[in-house]
Every structure is written in C-alpha cells, then in structure tokens.
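So the sequences go chain by chain: W and B. If you count the first sequence from 1, you need to add 15 to reach my numbering. If you count the second sequence from 1, you need to add 1475 to reach my numbering.
Don't take every hint at face value.
With the C-beta cut set under 8 Å, the calculated list includes, among others, these residues of chain W facing chain B [as the list claims (entries may be wrong)]:
id : residue
1  : P221
2  : D223
3  : S226
4  : D235
5  : Q242
6  : I246
For the record, the hints were derived by calculation from the structure and aren't laboratory data. For each residue, glycine too, the CB sits at the ideal point set by N, CA and C.
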Amino acid sequence: MKLDGKRAIITGGGQGIGRGIVEAFINEGASVITCGRSAKPASLPSQCEYVTLDVADPKAVQQFSATQQAPHVLVNNAGVQVEKTVTDSSDEDWDSVIGINARGVFNLCRAFIPVMNNGGSIINIGSISGNVADPCMALYNASKAFVHGLTRSIAVDHGPQIRCNAICPGWIETGMLEAGFATANNPDAALNDALSRHPTRRFGKPSDVASMAVWLASDDATFATGQLFTIDGGMTASSPVNPGLF
Amino acid sequence: MKLDGKIALVTGGRGGIGRAVVKRLMNEGATVYAADLTEQGSLKKHDDDGSHFLKLDVTSEQDAINAINNVNEQHAELHILVNAAGIEIEKTIEQTTLDEWNQSFAVNVTGTFLTCKYSLPLLRAAAKSGNTSSIINFGSYDGFIADPGLAAYCATKGAVHALTRAMACDHGPEGIRVNAICPGYIDTPMLQSFFEGEGSGADGGNIESLQQAVRDVHPMRTYGTPEDIANLVNWLASDEARYASGQLWVLDGGLSAQVQQMRF
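Use the sequences and the hints to build the structure in full.
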C-alpha cells in the first residue's frame, strides 16, 4: 500500500471531498485523524480518529496540535462557500469564508510545519475558482486564490524538508453541486449544459480528487512541490464559450 | 501492478526521459514499444530492457504510419501513447536559422501531431473496453516562462500545451484523455548539453559551480531525475487518473512556483 506507516491529519473529513480523501488514505494504509465543527459523524470509518475543531480558531488549533504526534501528511480540506458578490457579502460572510478557507489553512500550517519531519507533504484543497472566477462566489474565489499563493510560499520557504501542493478540483459531486442545479430555472437544461462543458461528459467524484491526494502524499511524488494540480474532467481546458452556440 | 495488460508506445523511448518511462511502464506490467531514431537513442549505450524497438523518425509521416501499423498488427489497440521525442536548439530567435526553427517544430510539434493522428483509431479501440486511454505529451515549464536562449524550444512547447488542450476537448467524449507533463530541470543528455553550450559554464566558467547554482535556485535544491517524470507518466497512464484530462502537469521541484530571485 502506498501510504503504509504514514500518519495523516485531514481537516473537514466528515463529508464530501474530505470524506473521500479519508477513505482513500485508510485504504492505502495511512492512520488518519480528521476534524470538523460538529460531533463525529456516525458513518465515519471506525479506524479514523475524530476531533471536534474549528480550524478558524487559532488557539483551538494550537491546543489540538499540542496533543498530536508529528504527521507525515497534512491535508487542508475544510472549506465553506457563500454564494454572493462583493456588494452582497456581509461582515459575517467574510469572517466565515476567510476564517475557515484562508485563516484555517494558515492556522494548521503554522501549527504543524515546525513539528513535521523531513519528507512531509502538505496538500491544500484549492479550486479552479482560485484561478478563474465563478460568478457570485467572490469571497470563495478569493479565499482559494489565497490558498494557491500560500501553497507556493510554503513550498519555497519550507523546502526541501516539506513539500506543499494544492489540488484544484472542478465540479465534484458533493451535496453542494446537486443543490446548485436544483435552484436553476430549468434544472435539466442546466445539468446538460454543465455536462457538455466537460470533455469527460461527467462530473468528478470525491474519489477522483482523493486519488490525486494519495499520489501527492506518496513517495512517488517526492519531486512535486509548489504546484497547483487541477482535476476537473478537462473543464477549464475548454473555452467557456457556450458549446450550444456551435 | 497498475498497467497490467496495457499496450504502450513511447516515442524518444531510448532517450533520457523516454528510457525511464519505458522501464517504469514495463515494471507496471505494460507491453511497451520504444520508438526512436536508433536502438541506442541519445545515450551512450543501451542495455536490453525488454521493450520492443521501433525505428521511428517522428518527423516522417510514413515512419509514423509504419510504426503504428506494427502495433496494430500485433494488438489492434493502444492504451498509452507517450510523446517523449524532443530536441532543443540553444539559441535566440536572431541566432536561429530557418532550418533550425523548422526542425524544432518538426520534431517537437509535428512529431507529436503525427503519432497522435495515426494512433487515434487504436486509442479509440482501447477505450471501447470502458476504461479510458491516455495520451501523454511532453510540454515544458518553458512553455509557461522562458529560459534565455531557447526561443524556438519555448515556442514549440507552448504549441504542445495548446495542442494538448485542443485534443482533450476533441477526443474526451471518445474516452481518450490527453495531458502534458511539463518538466523543469531534469538530469538528461539534453540538460548536460545545455550546461556545456555557448553562454553557459563552458565559456571559461566552471560547469560544476554553474550546476550547483542552478540546483540552489530550486526549492528542493536539486534537479529532477528521469524516474521522477516516469512516476507521473505512470499515474497519468493508469486508470486512477480516469478524470484527469486537458491539463499541463508541471514537475520541476518547485522551480516555477517562485518569482525570480534577487541575487546578492
């Protein structure tokens, strides 16, 4: 197995992409600790240790890190999105999105980089939205660009001891994606349009992102650092011009 | 093993990176055709690695047709095409002759075009099984940011990047994934030639101190090896990468994550 003997801390592993990464890491032999703001989800694999933690709270993260042995792999996955433009966003939206998506990644990295050993791998979950903007997702887009910039900084400042990369998922089938289509004027047409923009003619699954995370965490990737790896079924390789026009 | 039962064709398969790719794909269980100008390729010697050698000048349409016919007759399908054949002219535009410009494009761009064009029916046949088939082109981090004195090379690699995205759009619906790997500094005969070339350490300087200075610019403080590239080829070729398409995968020890550094 590719991650035998590795200890991994994965934030936000209760559901969605994080849950996919938790399951893939366990399948590859890693011991996994995950966290979330709520109580432990009943469906979480029994081997997975769970801690209730708000990554946005620097004191809580420092206290959490003091109880942990040095991890080999840190996956900063916890994230929230608020679907608003800049002018619609409230101070509470700012605190929530920037607090979790940006400050949360910073908090975990600051707490764990000093104790991680040579060969450690940090994997941040960025987004294609950090490179190109999704409409009405201003704070989310900006928070993911923050993650991309922090990823490069950590690679430059903390190599060669630590590698740091980000995965930029596209449209992945989590509850969030389906909920988005449900609010469209014509949900079926919206779904078909979105699928036609994917050369793979399907959306991603959490396991698609997880297999990239396994590779970045593994010893196959010891020369990979400072990079953003997009996994989106080819969507951002295509022009955003509506394919229905041709 | 990840690639059991898969058929692979690697152009430049006896070169610096291509040879490591051939070896890795074979170790993962694939049947591998190594195509190159000569059995020895760009290295000083070649020990038998168990791959099937195909004589191929990638700039020749007839050679491409013949090589792929050979695979067709044996297997009638192809799961993995790796376009690793490439050349580098170490000159600015002003120094580059038209012949050198045309030769750069003939090998790096037209070569990729020809093998892709004639492999597509076999890649489509392989994708009929329900799994995807995979084309892996060789771009370069030089297709994003320029190294000095490599103008034609940078331009050809930018062309490979755009061709990769275009083919991902066109052939994704057929189950064919198309990606490019964009290496940084990898220890190959091409890199050694770059260090020994005009304007480099050979100009009265010390090649070893030049190489160390280049290593020190990397966050990982070293170059990559052909095996590092082969690790990523292996993943992109495998079914684990089934959702990965249309992308340019930079593998450079963090080199291009940095802004240019101030010295002294």
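* To do: Identify every previously stated hint that the structure contradicts and give their numbers, smallest first.
  => 1
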